[in-house]
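2 protein chains.
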Amino acid sequence: MKAVKVGICGLGTVGSGTFNVLTGNAQEITRRAGREIIIQQVGSRRDNPAADTSNTDVTRDIFDVATNPEIDIVVELIGGYDVAKKLVLLAIENGKHVVTANKALIAEHGTEIFAAAEAKGVSVMYEAGIAGGIPIVKALREGLAGNKINWLAGIINGTGNFILTEMRDKGRDFADVLKEAQELGYAEADPTFDVEGIDAAHKLTILSSIAYGIPLQFENCFCEGIGGITPEDVQYAEELGYRIKHLGVSSRTARGIDLRVHPTLIPEKRSIAKIDGVLNAIMVNGDAVGDTLFSGPGAGAGPTASAVVADIIDLARLIDAPASSRVHHLGYKQVDDTKVLPIEDIETAYYLRIPALDKTGVLANIATILSERGINIEALIQKEQAEGEEIVQVILLTHIIQEKIMNDAISAIQALEGTQGDVTRIRVEYLV
Amino acid sequence: MKAVKVGICGLGTVGSGTFNVLTGNAQEITRRAGREIIIQQVGSRRDNPAADTSNTDVTRDIFDVATNPEIDIVVELIGGYDVAKKLVLLAIENGKHVVTANKALIAEHGTEIFAAAEAKGVSVMYEAGIAGGIPIVKALREGLAGNKINWLAGIINGTGNFILTEMRDKGRDFADVLKEAQELGYAEADPTFDVEGIDAAHKLTILSSIAYGIPLQFENCFCEGIGGITPEDVQYAEELGYRIKHLGVSSRTARGIDLRVHPTLIPEKRSIAKIDGVLNAIMVNGDAVGDTLFSGPGAGAGPTASAVVADIIDLARLIDAPASSRVHHLGYKQVDDTKVLPIEDIETAYYLRIPALDKTGVLANIATILSERGINIEALIQKEQAEGEEIVQVILLTHIIQEKIMNDAISAIQALEGTQGDVTRIRVEYLV
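Note that the protein sequences, when read in sequence, are chains A and B. The numbers in full-length UniProt numbering rise by one with no breaks, and the one at position 10 of the first sequence is 10. The numbers in full-length UniProt numbering rise by one with no breaks, and the one at position 149 of the second sequence is 149.
If we strip away everything but chain A, and leave its shape as in the complex, we get (with noise of 0.2 Å):
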């Protein structure tokens, strides 16, 4: 059968991890994909001595590739908005298929590039944006197509959840274990993307477009991030049966689409609460299957280059194919439209440490502008205060309440006398 060619733009981590694979695994590769994968062109701005590339035509404009005619599926890897997005749509412009491991790009641009991707008859794959080599968009797309998807929940930022499990196994403190991050190479020079819940809120919009069929709309994510997260608020949890983990966490509700990603305390006997380092998991909820779970790397050059690889070989089966035959870029021939919930109106449990003079009456009275607004204490801990400290720790776990009700809940315990500066809170997720 004719082989099927590949341009790949960008060289870098991702790109000559993707160069090595495809290279080193080509006999493998051939005989699941029916036919030969041929790297045709490379487009980067310079080498990398991680791949090998004297025997491929290497250009240095990547829109070369984007253009070339010989090739098939153009592979953006050069990360970014612009130029990716400019390459992207001119390679769709030319009738190329495109693998792309952009999770920013998709979330932010897809709804346009996947408009143009259908009006050409090509496809936009972009497992290689979500969780690195976790094949959880083919999962969502096919393996649970036949369910209704009612949540999902996901660790989908290794580096927070490096520096998260750090914090719980050695007791440092957030801005230590980042600048190790730094250093060990997990996070950026401008952590901003990790540790801010952006990069997670790309990759949940995906997830939730594609488990619930409902536009990308990551402008109404709700974020944030776990710069607030002390190493007490990870031993309380610890001390009440919980981790603290920087979750996406996304659900069909009656009244709506709830999407979010923020530090979340999961009970400690559920397995994604174990899922340490910076391993990335995903459970996903159907109405038929129950409770799924994939973990596995969420980055890296070897399994983000796993997983474009496999949306390589799927276009490569599916090229002489219908456009029909291949899955929907957001899993659904049409999306709904159905609505994000704001953030104030979603239910969850809470997690709140409020700072207290040690004064008869304070219990007392945050238990009643608890009790007021109908919000039902599930566990407490009063902490002695340290010696020489006046403030004692009140750490409260809640049942299930709507964000908009514990706000002003909260603003009433922080406006008592007894209570001193702000209310830490953590929205608590069961997982069930």
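Just to be clear, a hint being listed does not mean it is correct.
As the list makes no split between identical chains, a pair holds if one copy fits it or if it spans any two.
Calculated pairs, DSS-like style, for lysine-lysine (alpha carbon to alpha carbon, straight line, at most 30 Å) [stated by the list, open to error]:
1) Lys179 to Lys86
2) Lys120 to Lys85
3) Lys339 to Lys85
4) Lys148 to Lys274
5) Lys85 to Lys333
6) Lys148 to Lys339
Hints were generated in silico from the structure; no laboratory data involved.
Here the structure of chain A is known, so what remains is to put chain B in place on it, guided by the hints.
Chain B alone, transformed into the frame defined by chain A:
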């Protein structure tokens, strides 16, 4: 687009589950598949109150379904060998695609069935046969297709895992828990398939073929049940930092394919060691991706139906595509002839429990036997005998050694004057 018409054969637990998912989620499924999927006919000897077939064409002769000219996809959910095989081959002969949950049929007659299907240009899908709702066949054949798979290990029989979990959690013995499992409906009246590992060996046979591209060869899969595991072994394993699981283990070594099902000690820190109860889980190690873990419910109406329906949707999407666009039955266009290693040639670490008389020199003799054969001891526990007993239990963990050398060592230990009765041997896998 033209609707795809399905005929369901068998209306037991999985058949009625599939009927209910296809009808209950019809709207969602149409949105995903891009066309309607209609249940054209059901073939079943009797009705099942779990599925309301009052508006469906029901025949008492399942072979009617296989020859029904209206039907595109025949779903075989009757189980067993002879009739199921006849049905599947008749459906293929009539140009139908087939979806089945029958791992025994595929593991033992897959080669013949796939050849017939390929000759007719149709596909036989079997995701539901392995690990219920976990889309592991799809993960191996497609999601991880860029990898050379190095090894995989799975808890792929829920009954066995339930029994071992209960034995560990409550210190109960095998026979006692088996009886409860039968009462709960987790285990069949004849539990041989589950507890002897035959069911797991069927699944492992299939997983290994699609992981490495080797022919189905159930007859070469080594198989050992869990009936010989005692609560004491579970306890000793725990003391050493391990859990005992009934594991299917398979790897691609330079000397051949390692393919075996047996009770296995796994370090308790490995995620798969924590998969408890009736859950299933599969670890897959690929050269690019590293370690991945897939877990979820391995049986039951809903989870199995989830996989059946996913296969139906895949076929529906590809119904107008050339045969080459569908995934090869074993994930490879051609399988190769890598041999399965005889069990004597495999290499693994071992747990040994040696009943010894409490006499000077016995331990030294055991150590000498091991040392003479190049077997290193990794850990050792010697338990005092219970009051009034003469026998002490010597528990050993060894380094990795070839099975035939271990067999020889065990014979020599059993021949010692200072030991009494059989040595218990459980293989140990580190899964790294």
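Quick rundown of the hints versus the structure:
1. Lys179 to Lys86: neither (35 Å within a copy, 65 Å between copies)
2. Lys120 to Lys85: Result: close within a single copy only, 16 Å intra versus 44 Å inter.
3. Lys339 to Lys85: For Lys339 and Lys85, the Cα distance is within 30 Å only inside one copy (27 Å; across copies 48 Å).
4. Lys148 to Lys274: both (27 Å within a copy, 28 Å between copies)
5. Lys85 to Lys333: Only inside one copy: Lys85 and Lys333 sit 23 Å apart there, 36 Å across copies, limit 30 Å.
6. Lys148 to Lys339: Within. Shortest intra-copy distance 17 Å satisfies the 30 Å Cα cut-off; inter-copy 43 Å does not.
Consistency note: the structure conflicts with earlier hint 1 alone.
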